[in-house]
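Visitor: Listed below are the residues making up each chain.
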Amino acid sequence: MLSSNFKLAETINQMSIQVKFFASLREKLGQSDMELTAATTAQDAWNQATQNKPVPDNLLVAINLDYAKLDTPLQDGDEVAFFPPVTGG
Amino acid sequence: MASWVSDSLIEPWQLIAEQQAAQNIEGQYGATASFIGSMRDFSDRTDIKKMVLEHYPAMTSRYLEKLEDTARQRWPLLNCLIVHRVGEVHPGDAIVVIACWSAHRRAALDACDWLIEELKYKAPFWKKEFTDDGGHWVSGNTDGH
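These protein sequence lines map, in sequence, to chains P and X.
Start counting the first sequence at 1; every next residue gets the next number (the working numbering).
Start counting the second sequence at 90; every next residue gets the next number (the working numbering).
So here's chain P without its partners, still in its complex pose (with noise of 0.2 Å):
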């Protein structure tokens, strides 16, 4: 019983934070997206993701499709994106 309550309330804390990557950062990580059960920070989800691999210069970050900041805390249901400088236009 006292298990089954553990088990329990490690679900209900889990989260869910889905981490994307684009352009020649997807392609030198070798992949574009993965799920993450807990972060606190995009710094955090980045280190998880990549296995703590450097922070590349220029890296830009966006929270739920707006830019941020490695430091910007991070929240259930959160999507954090990371991409080189972008070149449109």
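It should be emphasised that the hints constitute simulated quantities derived from the structure, not laboratory data.
Bear in mind the structure is a predicted one, so any value in this text is a computation, not a measurement.
Careful, some of the hints might be misleading.
What the hints assert, rightly or not - In silico contact screen, one side only, chain X against chain P (beta carbon under 10 Å); selected entries:
1) A147
2) I184
3) L208
All C-beta atoms in this analysis are idealised placements derived from N, C-alpha and C, irrespective of residue type, glycine included.
Given chain P, put chain X in place with the hints provided.
Guide: What follows is chain X alone, placed relative to chain P:
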């Protein structure tokens, strides 16, 4: 007002004419300013055969709408159009079309200028150029000159 992303060839002059006709503002505008960006066959490299434009779809739509809203707040625009290509493009193809309609020229010209500069530095699009040697990601936009 309209903004969208197209994954197939765009005809800039036709899009501008259609947007102008759709708004029923005949007689109100005295100025139309437009910018059309097209693909060259050279950059730092020569003989570029094609380019592939990637984007972050949800953020792109949101960002283009935000650009339009901000431009409308800053200048008295009667109408505005932003269309951007994604996918595979070839030399000569249009990549981006921006048009602004206003009663007077300064608002139309300044809004059009501001929109293309903002789009180039912040909208989440990325270009990958292809030559006979393979593909190369474009590292950054120039300062516009």
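Visitor: Hint by hint, say whether it matches the structure.
Guide: Here is what the structure says about each hint:
1. A147: For A147 (chain X), the interface hint holds, since the closest Cβ of chain P sits about 6 Å away, which is under 10 Å.
2. I184: holds, 7 Å
3. L208: holds, 5 Å
Checked against the numbered hints above, the structure breaks none of them.
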